[in-house]
Structure formats: structure tokens, C-alpha cells
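Protein chains: 2
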Amino acid sequence: MSIRIGILGYGNLGRGVECAIRQNPDMELKAVFTRRNPETVKILTEGVNVYSVDEAEHMAGEIDVLILCGGSATDLPKQTPEYAKFFNTIDSFDTHAKIPEHFDAVDAAAKESGHVSIISVGWDPGMFSLNRLYANAILPEGKDYTFWGKGVSQGHSDAVRRVEGVKDARQYTIPKEEALKAVRAGENPDLTTREKHLRECFVVAEEGADLAKIEETIKTMPNYFDEYDTIVHFISEEEMQKNHSGIPHGGFVIRSGKTGWNGEHNHLIEYNLKLDSNPEFTSSVLVAYARAAYRMSKEGQSGCKTVFDVAPAYLSAKDGAELRKHLL
Amino acid sequence: MSIRIGILGYGNLGRGVECAIRQNPDMELKAVFTRRNPETVKILTEGVNVYSVDEAEHMAGEIDVLILCGGSATDLPKQTPEYAKFFNTIDSFDTHAKIPEHFDAVDAAAKESGHVSIISVGWDPGMFSLNRLYANAILPEGKDYTFWGKGVSQGHSDAVRRVEGVKDARQYTIPKEEALKAVRAGENPDLTTREKHLRECFVVAEEGADLAKIEETIKTMPNYFDEYDTIVHFISEEEMQKNHSGIPHGGFVIRSGKTGWNGEHNHLIEYNLKLDSNPEFTSSVLVAYARAAYRMSKEGQSGCKTVFDVAPAYLSAKDGAELRKHLL
Numbered sequence: 004m005s006i007r008i009g010i011l012g013y014g015n016l017g018r019g020v021e022c023a024i025r026q027n028p029d030m031e032l033k034a035v036f037t038r039r040n041p042e043t044v045k046i047l048t049e050g051v052n053v054y055s056v057d058e059a060e061h062m063a064g065e066i067d068v069l070i071l072c073g074g075s076a077t078d079l080p081k082q083t084p085e086y087a088k089f090f091n092t093i094d095s096f097d098t099h100a101k102i103p104e105h106f107d108a109v110d111a112a113a114k115e116s117g118h119v120s121i122i123s124v125g126w127d128p129g130m131f132s133l134n135r136l137y138a139n140a141i142l143p144e145g146k147d148y149t150f151w152g153k154g155v156s157q158g159h160s161d162a163v164r165r166v167e168g169v170k171d172a173r174q175y176t177i178p179k180e181e182a183l184k185a186v187r188a189g190e191n192p193d194l195t196t197r198e199k200h201l202r203e204c205f206v207v208a209e210e211g212a213d214l215a216k217i218e219e220t221i222k223t224m225p226n227y228f229d230e231y232d233t234i235v236h237f238i239s240e241e242e243m244q245k246n247h248s249g250i251p252h253g254g255f256v257i258r259s260g261k262t263g264w265n266g267e268h269n270h271l272i273e274y275n276l277k278l279d280s281n282p283e284f285t286s287s288v289l290v291a292y293a294r295a296a297y298r299m300s301k302e303g304q305s306g307c308k309t310v311f312d313v314a315p316a317y318l319s320a321k322d323g324a325e326l327r328k329h330l331l
Numbered sequence: 004m005s006i007r008i009g010i011l012g013y014g015n016l017g018r019g020v021e022c023a024i025r026q027n028p029d030m031e032l033k034a035v036f037t038r039r040n041p042e043t044v045k046i047l048t049e050g051v052n053v054y055s056v057d058e059a060e061h062m063a064g065e066i067d068v069l070i071l072c073g074g075s076a077t078d079l080p081k082q083t084p085e086y087a088k089f090f091n092t093i094d095s096f097d098t099h100a101k102i103p104e105h106f107d108a109v110d111a112a113a114k115e116s117g118h119v120s121i122i123s124v125g126w127d128p129g130m131f132s133l134n135r136l137y138a139n140a141i142l143p144e145g146k147d148y149t150f151w152g153k154g155v156s157q158g159h160s161d162a163v164r165r166v167e168g169v170k171d172a173r174q175y176t177i178p179k180e181e182a183l184k185a186v187r188a189g190e191n192p193d194l195t196t197r198e199k200h201l202r203e204c205f206v207v208a209e210e211g212a213d214l215a216k217i218e219e220t221i222k223t224m225p226n227y228f229d230e231y232d233t234i235v236h237f238i239s240e241e242e243m244q245k246n247h248s249g250i251p252h253g254g255f256v257i258r259s260g261k262t263g264w265n266g267e268h269n270h271l272i273e274y275n276l277k278l279d280s281n282p283e284f285t286s287s288v289l290v291a292y293a294r295a296a297y298r299m300s301k302e303g304q305s306g307c308k309t310v311f312d313v314a315p316a317y318l319s320a321k322d323g324a325e326l327r328k329h330l331l
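First to last, the protein sequences are chains A and B. In short: position in the first sequence from 1, add 3, done, that's the working numbering. In short: position in the second sequence from 1, add 3, done, that's the working numbering.
No wet-lab data here; the hints were simulated from the structure. Treat the hints with caution; some may be incorrect.
Repeated chains share a single entry, so a pair holds when one copy, or any two copies, can fit it.
[Said to hold, decoys possible] 25 angstroms max Cα-Cα, derived BS3-like pairs, lysine-lysine:
1. 45 <-> 153
2. 261 <-> 33
3. 184 <-> 114
4. 321 <-> 114
5. 114 <-> 328
6. 222 <-> 261
7. 245 <-> 153
8. 114 <-> 301
9. 222 <-> 101
10. 114 <-> 261
11. 261 <-> 245
12. 146 <-> 45
13. 33 <-> 216
Every value quoted in this text rests on a predicted model; they were computed, and no experiment measured them.
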């Protein structure tokens, strides 16, 4: 019998989950729940219904894992504890500073209802966090570096779009080559914000807008741009459409550490991602962890978990003997 | 109370474990066991005794985890099932093809005695295996690539040393740049053995030896060299001592995969290691998994495990709340 998945929220992430389910023969999409009028939401999978979010809890018996595809700002802090009452859940909550409080709220709900809820799944938090943990456990004396990009930052793109005279914008976060090179050379540099990343903006301006003023406003924007070297390009709407409609991302997690009786040997552990579609990759991670949640729940586990708490074997459709034979 | 570690076998790996324990304040080295005369074995840690291997089982109550530092060819297949009767154990069994049978033997012993035995710990098998599993679970439609090096292959160095007229030898396995580049570009190439790695040998010849014949014998050696492009350099003993006394290694695990409703987006997941000391890095992984074995045993688990079965959080000295706050 396949693992029955529900999707709550059908944006880029929800659609990515739908695509990922199709790549995993042990899983099936059971239902999509939306806050919009269900009749206006067209999904890709034939024979699967779209329901109003109000229907979700009535379908608890038909769904093994509910994947919550809302945003971290306002959706997930409310939704995950709420739906953990009825379902095993997966979310991609990514406000790093608020993870402890989110964990506590979800843990209480999931423990009471006897479900497994895995939070903060994706690549950062998620795969990057895992790699930080493994590398820190192996090399206790060392230094961590995380670089993001090259990729589209949704938050920074939105910030540029709010500037007066801006019609559309896309912001790329780019790791600086010199910084990456120094880290990989084992130099253990202390890097400032400006030394680590570059910000590149592509902006479509309103007709007659003051371009110099837009550029100045972007470059001096507190929190978002003032601590970075920022490049601003003004382009046409056609160019935006043609060259900047994708949502690529990626990054690097590197730990540089020492071993030996006197720390005489250096080691470098690097994990990096190069993603054509940030939401689809995140969705693929969510779906793998949905398999884990299902299995852990079957074993009688309950409560809130993170990627740190999930034994890797739970993620794979293959059984232990097969994994040992082919992947170990 | 700290986790009390025993080391069985005091070669490069055993010494590496000793060094790694010193970097982990929650652990202490309790005893070293050797098959040699204990009086001839000098260790680095003050106040710790070296015992004959025959003493080990009598000290079962004083040691939480025994790390087996023998070789995979003849030592571990015998030692791990034997010592799993008395201890939680960690080994670095790395004969990939024989892992299933080793697992079964160790599992039977560890289950009967109620201990946790984690086998095949290190970087390949070990961290590389983990990265293969995670990447396969996330991107079910894709292709795996593993490259080794640049690094010293002990087995190939030994093979060259057995050639007539060779006094000493060091063999480096080197991934081919073009191959790595094609994989990273998402080209999904089918690569032959020759296309993936280059073999470079540094040889000290006996006086008066036939150098041309040595070179020919190496390059045509079945299994070891005949399927590779091999470079042979003849050097002096001094040069060998000066430039080739280290044991560096490393490598790359890359998965290239597709997502999207029609596989329209490409993704690349890469994990790579650059290690000054192969045995010391392996030892550092062994020690992190010793912490996991200790904790899993405390929880009442038993039997044989691999890195696939160990939730990442068990590896870290930090508790769950700390990990979520600082590494997630």
C-alpha cells in the first residue's frame, strides 16, 4: 500500500511536492487543500481532488502525511501546531531564530495527538543543517562557513519591488569567489558580510522613473543591502521575462578543521548544491521526509522532530539490506 | 560522567582515535589493547595503560565502547562479532562486497549480548555512503558519481612494492578534472574506469634494477593498473621521505538529478572531502559514532547498525535544544 500524501497550500512549493510524489512509486497524492476557492485551483495530477482547507481535518483517516506548503512568516506558526492534531506533518519552517518556539508548539500538539511532525525540512534549514551537524561532530576543532547562491532571494527581490519607481525586480545572491577560495584553501579567514556575498539586482523601472535615485535607494537599504556590495542593472520587461523567470539557488557548507595530537593535520568537508529550481528541490526534500514521518509514526513514535532526529534509512524507499548492499 | 573508550589495535587508526578522543571533552580513553607485547607499545595519553588483547573481555565493565582498529581483510571479520559479545563496538569494515555477511555475523552477536555495534564507519563506507543515500532519497531520478582522491591508496602502493626491483613506492589516485567538470556541468556522462581516475606512482628502485621493466610491469598489472592511465616516476629515497610520507586522501560524491512534472529542472548535490590524514579523519568519524553507540545502547537498543541507522543528533555532544538553536 502506498503512502497517502496530502498537500496544504498549492503555490510553488505545493506544486513541487506534487511533482516529487510522481517520482516516488511508494507514494500517492491523495488530496490538495487550499484557502482559495477550490474550483479555481487546477492541479497536475489526474483524478485527485482539490478541497477547501476546512475539509482537511475531516479527511484525517485517508491521509498518512500532510505536507504544509505555506510560508514561515504567518502560515506555518499557526498551521503546523493546528494540523499536528490530526495528521503526521512535514513543514519547511525557515525562520531560524524562531525554530525553538515553533518546535515547542508543534511538539506539544503532536505528542498529545500521537503524531510525528517533522519541521524545518528543506535545504537551509535542512540539508545544510545536517551537514553542519555531521561536520561539527567529526571535526570538533574547526570553523564553519555557509555561502548561499548563486540564486534568487525572494525576500530581497520583494524589497527591491517596494522601491518607488520599480515595476519588477529580481535579486541574485552570489558567493564571492575569493572568499570561497580562501576557505577551500584552509586559510580559516574571518569574513565580513561584504566579503562573503555580492548582491546583483535586475530592475524593470516605471517609465520616467529616476534611475539614479532607485539605484541609490537599493544600495543603501538597511538590513537588505547596506552591508553588501550591490550591483544594479536596469533591464526591459522582455529581458526580465526571458532571462530571469527561473528560481535557481544553491550554496556551500564548508567546515575546515584540524586533527592530530597537536592539530597538525587539516581537513576540509564541503557540501554544495546547485539547483535549477529552489522550490522543487525543497519539495523533494519534504517528500523524502514524509516517508520518514510515516515510518516513524508506524513504529509508534510521536512528537516534533527535525532532520537531526531522523535516521537516514527512513528516507529511502529501499530496505536496510538493499541499502547496505548498494549504497554503503 | 564521560564516555569510556577502549581502543583495540594501535596502528595509524588506533593512534588517530586516541587523538580524536582528546578533542572531545565528553570522552575519555580508558585502555588500549594490542596483540603485540604491551610493554613495547608506547601511547600518547598519560596515565592510560596498554594491555594484551587477551585482557579485553575482563575489562568489559570499565569500557562503554570498544573501537576496533584492525584491518578489514582478516582482523575485523573475526574481531567484531567476537567483541560484540562483551562491548558496544565501532569498526571501519570497508570491504564493500562483504558488508552484508559481516552485518549478519555482528548483528547476531550484538543482539544476543544486548550491545550496539556500528560497522563500516569512516568516510567510504561512511560519510560518502550517507551522502549517496540522502541524495538518492531526495532526487530519485538521477545519477551517482563517486571520485576518490587525490590521495594515497594503500592497496595500490603495496602492489607496486611487490614488483621485482622496487624498494619503496607510493601510489596516488587522482580524479580526472575533465570528468569532474562534465559531471558538475550536469552532462550525466557515462564514464569508463580510465576516464574517471588517473594513477600516479612514485617508485624507489633497487640499485641496478631494470627501470623500463618495472614501469611496464606496473602499468600492465591486472586489476590494479591495466584499466587506468598510469604515470610512473622514479625518485630517490630522500625524495620519498621528504615529499611522500603523508597519507592524504579525499574524494567527491555527486548526484545529478531532475525534478519537475516533465523533469525540466536539473539539480546537483555534491559532497567532497580534502584530507591531510586519511587515518586521522577516519578515526574522527569512528569517535563520533562511538558517542552514538553509547547513547543508543543506553536507550536499550541493540544489534548491528550502520551509519544509515543512526539519527544525526546522536553524533553530537550538544543536546537537541542546543542543536536546533545553533546548527539548524
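Structure-based check of all given hints:
In the homo-oligomer, the alpha carbons of residue 45 and residue 153 never lie at most 25 angstroms apart, since the shortest distance is 32 angstroms inside one protomer and 51 angstroms across protomers. Taking CA atoms no more than 25 angstroms apart as the test, residue 261 paired with residue 33 passes between copies only; the shortest distance there is 23 angstroms, against 50 angstroms inside one copy. Within a single copy, residue 184 and residue 114 get their C-alpha atoms no closer than 46 angstroms, and across copies no closer than 48 angstroms, so neither meets the 25 angstroms cut-off. In the homo-oligomer, the alpha carbons of residue 321 and residue 114 lie at most 25 angstroms apart only across protomers (23 angstroms), although the nearest pairing inside one protomer, at 28 angstroms, exceeds that limit.
For a Cα distance limit of 25 angstroms, the shortest separation of residue 114 from residue 328 across copies, 21 angstroms, qualifies, whereas the shortest one inside one copy, 36 angstroms, does not. In this homomeric assembly, residue 222 and residue 261 never come within 25 angstroms of each other (Cα to Cα): the closest approach is 39 angstroms inside a single copy and 36 angstroms across copies. For the homomeric pair residue 245 and residue 153, the shortest alpha-carbon distance inside one copy (18 angstroms) is at most 25 angstroms, but the shortest distance between copies (41 angstroms) is not. When the C-alpha separation of residue 114 and residue 301 is checked against a cutoff of 25 angstroms, the pair qualifies both within a copy, at 14 angstroms, and between copies, at 23 angstroms.
Neither within a single protomer nor between protomers do residue 222 and residue 101 lie at most 25 angstroms apart by alpha-carbon distance, with minima of 28 angstroms and 59 angstroms respectively. In the homo-oligomer, the alpha carbons of residue 114 and residue 261 never lie at most 25 angstroms apart, since the shortest distance is 41 angstroms inside one protomer and 36 angstroms across protomers. For a Cα distance limit of 25 angstroms, the shortest separation of residue 261 from residue 245 across copies, 22 angstroms, qualifies, whereas the shortest one inside one copy, 47 angstroms, does not. Proximity of residue 146 and residue 45 under a CA criterion of 25 angstroms is satisfied in neither setting, with 47 angstroms inside one chain copy and 32 angstroms between copies.
Taking the closest pair of Cα atoms, residue 33 and residue 216 never come within 25 angstroms of each other, the shortest separation being 51 angstroms inside a single copy and 69 angstroms across copies.
The structure is inconsistent with the numbered hints 1, 3, 6, 9, 10, 12, 13, although it conforms to all the rest.
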